[in-house]
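Participant: Each chain, written out:
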Amino acid sequence: MTLAPSPSPTPGAAVAQRLGSVRRPRSVRVLWLLVVLAVLVAVMTTSVAVGSRGVGWSEIVAALGGSSETIGEAAVTKRIPRTVLAVVVGAALGLSGAVMQGVTRNPLADPGVLGINMGASLAVVVGFAWFGLFSATSIVWTAIAGAALAAVFVYAVGSLGRGGATPLKLALAGTATSAALISFLTAVALPRGDIAESIQSWEIGGVGGASFSGLRTVLPFLVVGFAVSLLSARALNSLALGDELAAGLGERVVLARGVAALGSVLLCGAATAVAGPIGFVGLVVPHVCRLLVGVDHRWLLPFTALTGACLLTASDVVGRIVARPSEIDVGIITALIGAPFFIAIVRRQKVREL
Amino acid sequence: MSDTHSLTAEQLTLGYGDRTVIEDLDLVVPAGRITAIVGANACGKSTLLRSMSRLLAPRGGRVLLDGRAVHGMPAKELARTLGLLPQSPIAPEGITVADLVGRGRHPHQGIFSRWSREDDAAVAAALEATQTTALADRAVDELSGGQRQRVWIAMALAQHTDVLLLDEPTTFLDVSHQIEVLDLLTDLNRTRGTTVVMVLHDLNMAARYADHLVALAAGRVHAAGAPADVLTVDTVRAVFELECRVIVDPTSGTPLMLPIGRHHMTADEPVAAGGRAG
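Protein chains in written order, with the UniProt record's numbering: chain A, 1 to 354; chain B, 1 to 278.
Since the hints were made in silico from the structure, they are not lab data.
Some, not all, of what chain A presents toward chain B, calculated at C-beta under 10 Å:
{"no.": "1", "residue": "Arg105"}
{"no.": "2", "residue": "Pro107"}
{"no.": "3", "residue": "Arg234"}
{"no.": "4", "residue": "Ser238"}
{"no.": "5", "residue": "Ala240"}
{"no.": "6", "residue": "Val295"}
Predicted model only: the values in this text are computed from it and were never measured. By construction, the Cβ of each residue, glycine as well, lies at the ideal position given by its N, Cα and C atoms.
Could you put together the complete structure from these sequences and hints?
Facilitator: So, in structure tokens, the structure goes:
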């Protein structure tokens, strides 16, 4: 083992050249990127074309052009914002989950599992019931505030005791908090027949009740959330090596973690505000994406956004066709996919710890 | 040779909660040399190292790098001069060796800057120096303990700092890998002039590889200086509460400590307190 001084001005240049292909399998990642983009286009097309009412291609084309004269065209016109919303919310939830897993270094982190979506939901319902906050803008603010409170609370509870915020403790704290928040939510909502309709249309609505005006309200929050989250990629790469090493690499650990968590909470709070609580997207998507493109957050984060969009849009399409002529809420479909996945990850972690 | 940097601690007091671990400690790390810090368990060795790399804010006193308090320096600027390899860093599941080593470039990159040829060259040189080039595309989880430690050191090398702090870099390694890692750090010191500060458990290894040996006891520097002056019967008795003999290591010429226990002693050897049992 020697450290001979290099004769060339750029030490190890030959090795660097040889490493080029090895260090980052760029071609593999680019290939997967193309695949995911193709899938996204495919599910978006399907989402516009397929629904409880069958329509012809001519009607779809006409509707995309802005016409809504026939019933078919009107149906398609309604599916366009719905598709856009599914894409945006799916991307937000997928990215939010990836950032949360990075921030907590916890493979089980997800806005649903950690009770953050439920915090947002409870805040919205409390806003309805006690403060008369029915406007779209106030729903977003209350949802984000609720999400942030729940995030801080669950992290604090999960960090108690020995070993800090271990994956299972954090997941348990989140699940218990979630259950408690659901009871609160029911207690607040049950005696209030007057707001029942508002709650139902918001909570059960999923992405079905989408409109461009609703989307416009949350858009600024989502844009900030996306920007902050994506810019945290490099910090998350450092945090993944442990707090001590991250600090040794010049990362301001507490600040970086706080900023990334803020981005993540903005995304899932805004997503919940516009589409109600949707679980498991943020859990499943990052794991799948890590298998495809590896653990470098600079690739992983944009990928989770794209894959999240694919998953939620596809789930929405499936929910529309399996129970025709009625529809199954997209949150139920994602739960059906996500729950077995969650169990699989927990079991694998257990094996690793043993 | 790289620039030499002065690293000192002045009247440093460190602690966690209401427990004081290091009290009023003064330490001068000789520039361009290898310093080993030894001491009994829980004497504050790791705590001292953590504070020197500003992971832990001092209760009192300060740590100075080239005359500036490290706790007031911008994080990335410090990380370009002073690197730290903690005792148990975390390798993300499935990460490749090259990717992990590449993360050592973090302090040299801004939020928007792209991976540069300089980064590539630094990673390649680090892999080469630690003989891990052949492992570049392997997953870190698959490696043996010795290989993994070399990869972590490669990451620290890629960070390209003139001062490198290591917390027990040889723990969990078998003896041949211990020698390998310590030889590698010596190469690094000799060829690049890197100032190395490491916490070591093994007194004899510390005495062999260090130019400057620091023995901590009760949160203070008990003795510091050349290994031959520091590793003495008196120091070992004071720091570890252990009787021993110190001879000259016939292979390296450095002091070699031979502990005296209660068993397995030859007849002419004084027996440790407690008497010969059985």
